[in-house]
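**Q** Below are the chains, spelled out letter by letter.
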Amino acid sequence: MAEKEKTAKEPMPPLNVWLPPVALGWLVPGGGHFLLKRTGRALLLAASITCMFALGLAMRGAMFKPQSGDILTILINWGGFAGDIASGILYLLTTWLGYSQPDVAGQVHDYGTKFLVTAGLLNVLAMVDAYEIAGGRKS
Amino acid sequence: MKMNLSHFEASFLFALFTSVVLGVVSKRTDRERLSYGLYVFGCFIVALFGIGWLMYFGHG
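Those protein sequences? They're chains A and B, same order as listed. Going by this note's numbering, the first sequence opens with residue 1, and the numbers climb by one from there. Going by this note's numbering, the second sequence opens with residue 1001, and the numbers climb by one from there.
Excised from the complex, chain B in its bound form:
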């Protein structure tokens, strides 16, 4: 079995799992952990779309 994921799917899953772990280990209260995890996930997604469009325009 081989899983074939698109760039977006792989990057989305990478962002999701990494954000969960960074949220869990970074802060001191559950509320802070949740908001930090969501913040990191948002940053990943913004970077994903931003760099994606940058490459699109870069290639012409």
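Just chain A, with the same shape it has in the complex:
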């Protein structure tokens, strides 16, 4: 009889342990790792995500805004908006200071838009990593 492998589900770490690094990680790219004293990795994350976002802005990439319409329009615009907002303070400063660009046709603008969204998505990965480090699942 084959033995069934039991995979015990790891309990979620307490909220006060993981929330501060994850929240700071959202607001400032690499901030969660700084809080957890992973300075080298924090610097690499901060530099990469900020450079990606800054290049996106310099290429006049557009920021997504939530829009209603057909399913594809909703998916693209809400998904893009979620990606943009995941950059935290970079997104907030860009919109507050009026650097948000309208969508323009052209390959450079298009690359810029992708850079902006990807910066946010990379920050989501950094936040997940900060969560795992705070919960003791990673060093």
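Read the hints as simulated data drawn from the structure, not as lab findings. Yeah, the Cβ is synthetic: ideal placement off N, Cα and C, and Gly gets one too. Mixed in with the good hints, there may be bad ones.
Said to hold, decoys possible - With a straight-line cut-off of 25 Å between C-alpha atoms, the simulated DSS-like cross-links for lysine-lysine are:
| hint | chain 1 | residue 1 | chain 2 | residue 2 |
| --- | --- | --- | --- | --- |
| 1 | A | K138 | B | K1027 |
| 2 | A | K65 | B | K1002 |
| 3 | A | K65 | A | K114 |
| 4 | A | K138 | A | K9 |
| 5 | B | K1027 | A | K9 |
Unchecked claim - So these bits of chain A aren't anywhere near chain B, every CB distance computed over 12 Å:
| hint | residue |
| --- | --- |
| 6 | T73 |
| 7 | G98 |
| 8 | V124 |
| 9 | I133 |
Using the hints provided, position chain B relative to the given structure of chain A.
**A** Coordinates of chain B only, in the frame set by chain A:
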């Protein structure tokens, strides 16, 4: 100011920054992180040239 990057320059920078982040968040030791980051970057560059040539031949 508007930065004008070619397809190659934009793709190269995209690959570079994405590889750094994927390397940093993926593995457990610094050595593994470095080798995984380099591996991902290599994959990006191979895909970049591969798809580039594919499009070149596809267009005739």
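**Q** Which of the stated hints cannot be reconciled with the structure, identified by number in ascending sequence?
**A** 8, 9
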